[in-house]
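Enquirer: Work out the full structure, taking the sequences as your base and the hints as a guide.
Protein sequences appear in the order of chains X and W.
Every letter in the first sequence is one number past the one before it in our numbering, and letter 34, counting from 1, is 34.
One rule links them: number in our numbering = place in the second sequence (from 1) + 1000.
Hints in this document: simulated from the structure, not taken from any laboratory.
Hints are all accurate, no fakes.
The list that follows gives simulated cross-link-like pairs (lysine to aspartate or glutamate, DMTMM-like), each with its CA atoms no further than 20 Å apart:
no.	chain 1	residue 1	chain 2	residue 2
1	X	Lys5	W	Asp1072
2	W	Lys1297	W	Asp1162
3	X	Lys32	W	Asp1041
The following label-pair restraints were derived from C-beta to C-beta distances:
no.	chain 1	residue 1	chain 2	residue 2	range
4	X	Arg92	W	Val1120	55 to 63 Å
5	W	Leu1247	X	Arg92	46 to 54 Å
6	W	Gly1251	X	Ile3	50 to 58 Å
7	W	Arg1080	X	Gly23	25 to 33 Å
Glycine residues also receive a C-beta, built at the ideal position from the N, C-alpha and C atoms.
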Amino acid sequence: MSINKDLVAASSTALVLAILAEGDSYGYAILKRVRELSGGELEWTDGMLYPVLHRLERSRLVESRWMKAKSGRQRKYYRITDAGRTQLADERRQWETVDKALGKIWERS
Amino acid sequence: MEQKRTDNPAADSLERQIEAWRAHLRKSPTITRQDAAELEDHLREQIASLGADGLSNDEAFLVAVKRMGAIDALTREFAREHSDRLWKQLVLSGDEGAGSAESPAAGLSRKLLVALGLAVAAAMAIKVPALFGIGFDQHRAFYVLNASFFALPFIAAYFAWDRPLPRSGRLLVAAVFAAAVVLVNAFPFPAPDGDHVPHTLVLTALHLPIALWLAVGIAYVGGRWRGSERRMDFIRFTGELFIYYVLIGLGGGVLMAMSVAIFEAIGVKMEPYLENWILPCGAVGAAMVASWLVEAKKSVIENMAPVLTRIFTPLFTLLLIAFITTMVGTGRRIDAEREVLIAFDLLLVVVFGLLLYSISARDAQQPPGLFDGIQLTLIGAALVVDVVALWAIGTRISSFGSTPNRVAALGENIVLLANLAGSAIIYAGFLRGRQAFSRLCGWQMFYLYVFAAWAAVVAFVFPLIFGFA
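Expert: Quick look at the structure:
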């Protein structure tokens, strides 16, 4: 099963914000977490994560800073902001509503 | 798993592959150095993880790049998010810097400070004579004559500092300016009565900056005047400076009109302040600021002069062909009025400018194309029109008498005509594959001396010949 591209795009904000709500992280680790959470079903092209992160950063939902990673390279870490948490709560309500509605209909059939 | 440090060939080739991938990525203007660094970090982590699973470096690289996505798709996605980056911006503060130690911003802001300092110095310099009783209102002739000296030496000084110009060059440029300043002020021009200013004085004032511009050029190329490539850089600089100066001037005009309008509302007359302070100080200060701006932006923003020549070369070609056709079709003659020579001088200046700035932007290696044909047609048409005009005037020039203005206008016409005729011959040779395009550049760069020499003759010799009339 592969998930529709639009759905992947639509869920990206909620997923990235939810992962960052667990703790600060960086691109590669975020992607790894997405794979883990979806059991490998939710496949993103790796590079596409970064424009999403930059969009969130521009809307001040996350903030970033460069730090030295263990490998010695500079790495860009992202952290969710308060506005990001508010947005995440909002996204969560929306997804739960959709989920509930679909659940109700499919329970009967 | 060993990281980078290994010096086995496999690790080296991996480094090279990553290097090539990053270089390819950086070609897109929408991906900044920081973005590339972030993506590279991702790629390396992916490769390390795949390597830990038992893949070789090459395999790991291929898989990691594939997972990252096609670079085209990636840059398109970045472009959607950062469309502003497609518009090249002149970044004056320069906050590019994560991970990279070198910062061009420091150098840039130091240059900005020096340029601003010189602009302020120029603005103050133009008010210094007033301290000695030489005011704008009573001594207009003085300011007309000396206008060049309040702007050009400061621009020359900036480049002498920036390049830097060797000591011998500095002395030469300083000597040229000093000699010019002494000479023109020692000329016994008669005191202007009322609004009448001696013609030779106006001619000197008009030609002085052209002659002295060569001295600015020496400072601009850092004394390495030989080799037409550096002189061509100076020509490019001159064209952009002209355009930026006009733009700044337009902005300044709006600023002054606004200040008059809003101060009028509270009953304060701004005109005297504008005429005595803002206008002169702004005009000389802006020349310095524009010079700095052109240098700062040269690799960031497209050059405007070649763009304008692309637009106007075909249009002027059409204009001249229409003019010739009309002249032949209707049998009308050029009316040899006194001012007609000036009009044809200006026409030649425009055609020369179009030629010069299309040369400045043309890749000399390219084979002749359609635009070259249009260019040659334009030069040819201009030559025909000008020769016809000269013929019409020449038959009557003796009856007009040889005033300094007329001799200067005629001389200008001949100087430009010779330039365009030479250009046409070389251009035709180039189109037929007999000449290299660089010959044309060489011809124009040689001609800079002719222009400067002619301007110097008008500025310094004409007053003597015509008795300062």
